[in-house]
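Two chains, each in its own frame: build the complex with the hints.
This is what each chain is made of:
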Amino acid sequence: MKISFKKVASIAVSTALVTTGLVAAPAIAATKNLTVETVFQLTSTDPARSFEQTGNMINRALYETLLTYKGGDASTQVPGIASKWSVNAGATQFTFTIDSRAKFADGTKITSADVVFSLNRLKNVKGNPSSLMNGITVSAPNASTVVLTTEKATPQVLAIVTSPALGILNSKVVKANGGSDAADANTADKALEFLKTQSAGSGPYVLSSFNLTTEVVLNKNTKYWGAAKAGYDKIIVRNVPVNVQRLNVIKGSSSIAVDLSPDQATNLGNKVNVVTGKASNVFFFYLSQNSTFSPATKFTADAKCIEAVRYGINYKKIVRYAGLGAIQAPGIIPSFFSGALSQKDAIVQDTARAKTAFDACGIKDTPVSIGYWGDGGAVNGLNFGSLAALVEEDLRAIGFKPKLTGAPIAVSLPLYRDNKEEMGLWLWGPDWPDSTNYTESFSPGTKVGLRMGWAAGSDSVITNLQTQASTETNAKKRAALFTEWQKEMNKRSPLIPLVQPAAILVANKSVRGVQDHPIWKVNLSEIK
Amino acid sequence: MKLNLLKSSNKPKNSESIWRQPLAVVGIGIIATWTFLAVFAPWIAPFDPNAQDADKFLSPSSVHWMGTDELNRDIWSRIVYGARISLPYSILLVFLSATLGSIVGAISGYAGGKVDSFLMRVTDIFFAFPGIVLAMAVAAALGPQIRNAVIAITIVAWPVYARLVRGLILNAKQNDYVTASALLGSSSRRTMFVDLRPNLSGPVFVLASLEVGNALLLLSGLSFLGLGAQPPTAEWGAMVSMGAANFDRWWVGLFPGLAILTAVLAFNFIGDALRDALDPRTAKALRD
Numbered sequence: 001m002k003i004s005f006k007k008v009a010s011i012a013v014s015t016a017l018v019t020t021g022l023v024a025a026p027a028i029a030a031t032k033n034l035t036v037e038t039v040f041q042l043t044s045t046d047p048a049r050s051f052e053q054t055g056n057m058i059n060r061a062l063y064e065t066l067l068t069y070k071g072g073d074a075s076t077q078v079p080g081i082a083s084k085w086s087v088n089a090g091a092t093q094f095t096f097t098i099d100s101r102a103k104f105a106d107g108t109k110i111t112s113a114d115v116v117f118s119l120n121r122l123k124n125v126k127g128n129p130s131s132l133m134n135g136i137t138v139s140a141p142n143a144s145t146v147v148l149t150t151e152k153a154t155p156q157v158l159a160i161v162t163s164p165a166l167g168i169l170n171s172k173v174v175k176a177n178g179g180s181d182a183a184d185a186n187t188a189d190k191a192l193e194f195l196k197t198q199s200a201g202s203g204p205y206v207l208s209s210f211n212l213t214t215e216v217v218l219n220k221n222t223k224y225w226g227a228a229k230a231g232y233d234k235i236i237v238r239n240v241p242v243n244v245q246r247l248n249v250i251k252g253s254s255s256i257a258v259d260l261s262p263d264q265a266t267n268l269g270n271k272v273n274v275v276t277g278k279a280s281n282v283f284f285f286y287l288s289q290n291s292t293f294s295p296a297t298k299f300t301a302d303a304k305c306i307e308a309v310r311y312g313i314n315y316k317k318i319v320r321y322a323g324l325g326a327i328q329a330p331g332i333i334p335s336f337f338s339g340a341l342s343q344k345d346a347i348v349q350d351t352a353r354a355k356t357a358f359d360a361c362g363i364k365d366t367p368v369s370i371g372y373w374g375d376g377g378a379v380n381g382l383n384f385g386s387l388a389a390l391v392e393e394d395l396r397a398i399g400f401k402p403k404l405t406g407a408p409i410a411v412s413l414p415l416y417r418d419n420k421e422e423m424g425l426w427l428w429g430p431d432w433p434d435s436t437n438y439t440e441s442f443s444p445g446t447k448v449g450l451r452m453g454w455a456a457g458s459d460s461v462i463t464n465l466q467t468q469a470s471t472e473t474n475a476k477k478r479a480a481l482f483t484e485w486q487k488e489m490n491k492r493s494p495l496i497p498l499v500q501p502a503a504i505l506v507a508n509k510s511v512r513g514v515q516d517h518p519i520w521k522v523n524l525s526e527i528k
Numbered sequence: 001m002k003l004n005l006l007k008s009s010n011k012p013k014n015s016e017s018i019w020r021q022p023l024a025v026v027g028i029g030i031i032a033t034w035t036f037l038a039v040f041a042p043w044i045a046p047f048d049p050n051a052q053d054a055d056k057f058l059s060p061s062s063v064h065w066m067g068t069d070e071l072n073r074d075i076w077s078r079i080v081y082g083a084r085i086s087l088p089y090s091i092l093l094v095f096l097s098a099t100l101g102s103i104v105g106a107i108s109g110y111a112g113g114k115v116d117s118f119l120m121r122v123t124d125i126f127f128a129f130p131g132i133v134l135a136m137a138v139a140a141a142l143g144p145q146i147r148n149a150v151i152a153i154t155i156v157a158w159p160v161y162a163r164l165v166r167g168l169i170l171n172a173k174q175n176d177y178v179t180a181s182a183l184l185g186s187s188s189r190r191t192m193f194v195d196l197r198p199n200l201s202g203p204v205f206v207l208a209s210l211e212v213g214n215a216l217l218l219l220s221g222l223s224f225l226g227l228g229a230q231p232p233t234a235e236w237g238a239m240v241s242m243g244a245a246n247f248d249r250w251w252v253g254l255f256p257g258l259a260i261l262t263a264v265l266a267f268n269f270i271g272d273a274l275r276d277a278l279d280p281r282t283a284k285a286l287r288d
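Chains as they are written, first to last, in the working numbering: chain Y, 1 to 528; chain R, 1 to 288.
The set of hints was computed from the structure by calculation and includes no laboratory data. Certain hints may be false.
Stated by the list, open to error - Keeping only pairs whose Cα atoms sit at most 20 Å apart, straight-line, the calculated SDA-like set for lysine to any residue is: (1) Y:Lys-420 <-> R:Leu-142; (2) Y:Lys-196 <-> Y:Ala-228; (3) Y:Lys-196 <-> Y:Ala-176; (4) Y:Lys-355 <-> Y:Ala-303; (5) Y:Lys-251 <-> R:Phe-47; (6) Y:Lys-103 <-> Y:Thr-43; (7) R:Lys-56 <-> Y:Asp-263; (8) Y:Lys-491 <-> Y:Thr-463; (9) Y:Lys-152 <-> Y:Lys-491; (10) Y:Lys-403 <-> R:Leu-142; (11) Y:Lys-317 <-> R:Phe-57; (12) Y:Lys-317 <-> R:Phe-247; (13) Y:Lys-32 <-> Y:Glu-526; (14) R:Lys-56 <-> Y:Gln-328; (15) Y:Lys-401 <-> R:Ala-51; (16) Y:Lys-316 <-> Y:Arg-396; (17) Y:Lys-403 <-> R:Gly-143; (18) Y:Lys-316 <-> R:Ala-51; (19) Y:Lys-172 <-> Y:Leu-192; (20) Y:Lys-234 <-> Y:Thr-222; (21) Y:Lys-251 <-> R:Phe-247; (22) Y:Lys-220 <-> Y:Asp-233.
To be verified - Covered by chain R, per the in silico footprint, the following chain Y stretches (three or more residues, Cβ under 8 Å): (23) 51 to 62; (24) 365 to 378; (25) 387 to 398.
Unchecked claim - Simulated restraints, written as ranges between beta carbons of each label pair: (26) R:Val-133 <-> Y:Val-348: 43 to 49 Å; (27) Y:Gly-457 <-> R:Phe-247: 50 to 56 Å; (28) Y:Ala-410 <-> R:Asp-48: 30 to 36 Å.
We put the CB at the ideal spot given by N, CA and C, even for glycine.
Okay, chain R solo, but in the shape it has when bound (with noise of 0.2 Å):
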């Protein structure tokens, strides 16, 4: 009991609501908006995404909202199919790096020592070179589809994680709960999984929303450059890349750019305010 009441000592005071926030309620109503788009493509989009006729590059009309592609495919169609894409791998990836990045970070600062050096300076190493181009090697390594584009961006967003995981365990190890904890005979995975997680999941949880927005640009980066998502599947990247092959037919590109420019958007509006609402202290340092 003593130890519940040390540990809420601990919860961040003064959160400001989710739902206080005009900005977060844009980013939500964003990201509502493609999540039923994409539920709902099947019945929603007027055409098959892919399917081609002989005419091409159709400017936008009251048939093709927002016009066709060099196969004659249907843009607006294509774009809600391609947030079937874009979402929820952007989601997955964001998952599996704060998964992979918070073992690593949790064991690092829990070990400490040789374990805490050599995971730091796998972590530095990952951490030297620059993402996009990390990630495109390893997407053109393992060949190029959605898939990889995926474990890709995983292999490159980890360490992030890892960093904050690590910093956050040293803090709390110091802390006399956890010191309790173990005199009262507490396993390592105990101590770990009931006394340090709590002081994880939020920082954990605010920098994952905050990184949505990066991985889908980075996802939509792959495919832009041909190692993501491959024909036909509709994906925005993929379908920016079309666009600028043909930048003189505008709405190629224009629109699947919208949407990654409107979901990045949104999901950074999103992040800033969980991490208004769950990290304070943070955004209190920020806002100064």
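Excised from the complex, chain Y in its bound form (with noise of 0.2 Å):
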């Protein structure tokens, strides 16, 4: 046999590319990467424009806030970029200290000056977080302090600053490409694309890419100034529904499935594990009614039909259908809050009485519409269509007419948002982890109470006990008052608190540091 000298050469060149190949690859790291899977509840990754939980998911690990919370806690606030704080006696004015080693990404130190724009872009693009920031002032007097100052007695401050729309970008930055705190800047910023493209925070990820319907992509940052250093060198975040996430994360190809049901998330095998946070039960599902919507009913200002309504819904069936964990909404304020109401007041069905106030109410035959969020909308796994479907037999058992217009979200949303539902189904989840957030949201005049027609001025008592809980300073009579301010609400609010759904997390086991967060839901720079 004739053994060529090209074959040699060949044979021994090949040897070679493979030996050197073999003794290269190792120094070539792998990516460590962490796949999060979820319905996208998201609208843009800046700080003063996303109000929603994806948003928040991601821009808790792009950006940085004054103080943070640790885990699934959400009641004592830890040190982000202030390493200290003091409050004064008043709860009006709340001093922070910046860390002196805090930096963003890109290696400038953060100063007052950055947090100070941050703040008052918030305030002034008049985004849907921007509410955040009503009755504050902001202001550096130097450049490691940074005051904030209420008019009023405001203890909620403190929990407020942890909110991720709070978080502080890099001024110079934003504003080198569009960026404005003026007073104009809801039309003067033009900062949004920008921040889209790239993020300005010092968190322990950077922004990679972004995409409203896919996946949004994040780096980790290599100039992360803090202790906890990102745990992955990429994490993606896409966009998924429930049930390919249930898939998914049984089959390995995702490390976290958020939005699984509790039926979901059983028969799941051993590579998975199921998280159920403290902060199970923080968001409530909840039926609106909205008094000024029919003026040739005024069904829903009518406090009889309302009463109808309240006394009429089958709350067990509805708790049976979320599942394991969940709860009937006792109150419009969680049980994870001060001042919750317990299971003994929660509204218990009385159909009797229901009948009675229904033929009361005088509306008869008159159908009543109840929109939702319809084309396959579910949060924590719960169906908006089927709670949808489980409200409207209990109301056409009592005689109601009830006519079931879900929309999809870009329809849904701002048809309720802009007060033009007769009757709504929706959940909340807390802006800021306080019980303020809830007297702040629902009471005649404030943002949810608008959206139900319930102007200013409709109900004194409610609205007195919602200002006097939000300036009380001592824990024992906030609680007190915010106990009572919901047994009213519940007597003839145009809000009837549904449901507490179980909040479930899955996990493959690989995956160390998974933690229910209320305002957060999953904290990807503790994810290891």
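Here it is in structure tokens:
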């Protein structure tokens, strides 16, 4: 057998290449990726304009706030960019000292000017989360100190500053890309598109790419200043339907499934953990009635009609549908927070009372429309359409003629927010982890109050309790006021709390540090 | 009389009786069964299709033949009642789109010139969009409910009829009997309805029968996406959607899926047979 020189040479070269490759391979470190799947509730990654759950989850990893929380806790603030803070006796002045080590991802040191810019920008762009800055003025006596001042006692400021919407941006970078914190920032600020292409924060991750409908990719911030470095080189947050989330996490093609219901979190095999956090029950579904929607019938403004709805609903059936870990929402403030009502205070279905009230309200055969997130919308695995069907059956049983009018979120949410729904089935998650978030959002004349056509001055008792609770600094007295406020709400408000679902996260067993949080759901920065 | 003789000579020859085609008989049998179930649903369905209960996701049993869904509604009862939505609405929207498309096509073909160009460019615009995407956009804009889904699909489906009818009219206009009719002083309306219409009925009917299956799929697709029937209405597409969200409970999506499959298949069998019977030239061309 004759072996040619060419053959010998090619074998030798091939062997050398393969050997070199094998030797060189270990020098290239494998990229450590984390894939998180959720149904996107996302508008942008601009902290001043993002107020949805997925946005909070992503921005919590990109931007840091003055204070924050660890793990699943939402009661004890820990240092963020601020290393120290103090509150005056009247709870009107909050002083924060910026950590001298804090720096942005580009290496720039964080100063009080960045904080002032970020918070004023949040206030003035008049985005959805701008209301967090209502009544708060921010100033900087020196480069490392920031003072937040309020006109009246506002003890919840310490909770508010933990919201990802109050994330601190690199003011020079953002200004250079069209950002503005001026009073006319709602028109002058042009940084939204820039902040979809790259981040300008100090978190353990930086934005790599942003797609509103498919995925958001985060890369490790190699210059992160804090102690808790990023656990992954890359985090991919994907927009995936709930059923596919389940399949992928079982197969191992994703690491965390965010939106499974208790029913879906069973029979998952032995490769995953089911994490039920402290923060379960922090969201609640409710039925709202718009007291100004229907001038012809005035149905939703009629106390008897509202009473008929309130006592006509089979809450136990709804809780059973919501599955293991879910509870009836006894009031508006979830069980996680100060002053929450107990289960013994919850409304109990009373069909006879509901029918009597229905007869007294006199709408008989008038159809009543109920709007909701209709194109398969689900949170915590609970489908809005199925919940609406449950409510529909109960209301029909006492004489109402309900008509379900679900629509895609892009259609239904504006209708609800613009006060154009007769009745609505919606969900509320806290903007900041404090009971005042609820009193300040659901009382007459407030954000949700107005969505229900419940104008300021409609109910002086409830408004007085709201005002007292927001300015009370004594914890016990605050809790009592919150409780009292809810009891009054349960008597006559046009809002009916339905259910607090269990919050469940499903994670691959190789992933550590997964905890459910009421504000940002998953703290991507803590996952290792 | 002469005109009638000429018209009769245009009728298709060698048409095959629909009853001699096994697949057509199977299709008619299936649709007859679904129609029977739909008409007599209140007596056939063992449970109220919207009745909810405490338990959920009961697997198929002697009580619930096809199991129950996440609100513990009996799936068999919902499928039976779902036939009252899926079948008539599919036929209705085919009727609407065939009527609309035929009118547009007839005007376009008969008028010719700028009217023809304009109407065909409009048709081209509708053809340019993927059907389901356009239907989704229209349904979302009008608001999700079954009536609007029918409107959306009608808007998507009419152009194919317009094209067909225009072509048939252009072809038929060349015939001597049409010219003779015009020379005898027939009005445009008479020419259209008396002389040309008989040439259109067969092909349009064949196309419509073939399109019912597609229409049912589109309608179910919109409901699957939440843009069609609203809860708690029992509708096959919406039921499959619930099955997809709970696919480890196989019965929730499988049975309504089979309902869609059998109905679509049956309509296609019937459509094929009608084509063979009424439009043998096309059928022969397809076979060859």
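Structure-based check of all given hints:
Using a Cα cut-off of 20 Å, the hinted pair Lys-420 of chain Y and Leu-142 of chain R holds, with the two alpha carbons roughly 16 Å apart. Between Lys-196 of chain Y and Ala-228 of chain Y the alpha-carbon distance is near 25 Å, which puts this suggested pair outside the 20 Å criterion. A distance of roughly 15 Å separates the Cα atoms of Lys-196 of chain Y and Ala-176 of chain Y; the hinted pair therefore holds under the 20 Å criterion. In summary, the hint linking Lys-355 of chain Y to Ala-303 of chain Y is supported, as the alpha carbons are separated by about 14 Å, within the 20 Å threshold.
As the CA atoms of Lys-251 of chain Y and Phe-47 of chain R are separated by approximately 38 Å, the hinted pair breaks the 20 Å bound. Between the alpha carbons of Lys-103 of chain Y and Thr-43 of chain Y the distance comes to roughly 27 Å, so the proposed pair goes past 20 Å and is violated. In summary, the hint linking Lys-56 of chain R to Asp-263 of chain Y is supported, as the alpha carbons are separated by about 10 Å, within the 20 Å threshold. Restraint check for Lys-491 of chain Y and Thr-463 of chain Y: the C-alpha separation of about 14 Å stays at or below 20 Å, so the hint holds.
Proposed proximity of Lys-152 of chain Y and Lys-491 of chain Y is contradicted: the alpha carbons are some 29 Å apart, above 20 Å. Among the hinted pairs, Lys-403 of chain Y with Leu-142 of chain R is consistent with the structure: their alpha-carbon atoms are about 16 Å apart, no more than 20 Å. About 15 Å separates the Cα atoms of Lys-317 of chain Y and Phe-57 of chain R, which keeps this hinted pair within 20 Å; it holds. Annotation: proposed proximity of Lys-317 of chain Y to Phe-247 of chain R is violated, straight-line Cα distance about 23 Å (limit 20 Å).
Annotation: proposed proximity of Lys-32 of chain Y to Glu-526 of chain Y holds, straight-line Cα distance about 15 Å (limit 20 Å). Between Lys-56 of chain R and Gln-328 of chain Y, the direct Cα distance comes to roughly 18 Å. Compliance with the 20 Å bound is thereby established for this hinted pair. A hinted pair counts as satisfied when its Cα atoms are at most 20 Å apart, and Lys-401 of chain Y with Ala-51 of chain R qualifies at roughly 16 Å. At roughly 17 Å between alpha-carbon atoms, Lys-316 of chain Y and Arg-396 of chain Y fall within 20 Å of each other, so this suggested pair holds.
Our distance criterion of 20 Å between C-alpha atoms is met by Lys-403 of chain Y and Gly-143 of chain R, whose separation comes to about 13 Å. As the CA atoms of Lys-316 of chain Y and Ala-51 of chain R are separated by approximately 16 Å, the hinted pair is consistent with the 20 Å bound. Proximity of Lys-172 of chain Y to Leu-192 of chain Y is assessed by CA-CA distance (about 15 Å); at most 20 Å being required, the pair is judged to hold. For the suggested pair Lys-234 of chain Y and Thr-222 of chain Y, the alpha carbons sit about 11 Å apart, so the restraint of at most 20 Å is met.
Annotation: proposed proximity of Lys-251 of chain Y to Phe-247 of chain R holds, straight-line Cα distance about 15 Å (limit 20 Å). With a C-alpha separation of about 5 Å, the suggested pair Lys-220 of chain Y and Asp-233 of chain Y falls inside the 20 Å cut-off, and the hint holds. With 0 residues carrying a beta carbon less than 8 Å from a beta carbon of chain R, the region 51 to 62 of chain Y misses the three-residue requirement, and the given coverage is violated. With 5 residues bearing a CB less than 8 Å from a CB of chain R, the region 365 to 378 of chain Y meets the requirement of three and the coverage assertion stands.
Look at the region 387 to 398 of chain Y against chain R: 5 of its residues bring a Cβ nearer than 8 Å to a Cβ of that chain, three or more, so the hint holds. Between Val-133 of chain R and Val-348 of chain Y the beta carbons are some 48 Å apart, a value that agrees with the proposed interval 43 to 49 Å. Our hint of 50 to 56 Å for Gly-457 of chain Y and Phe-247 of chain R holds, since their Cβ atoms are close to 51 Å apart. Ala-410 of chain Y and Asp-48 of chain R have their C-beta atoms about 34 Å apart, which keeps the hinted 30 to 36 Å range intact.
In this structure, the hints that do not hold are numbers 2, 5, 6, 9, 12, 23, in rising order.
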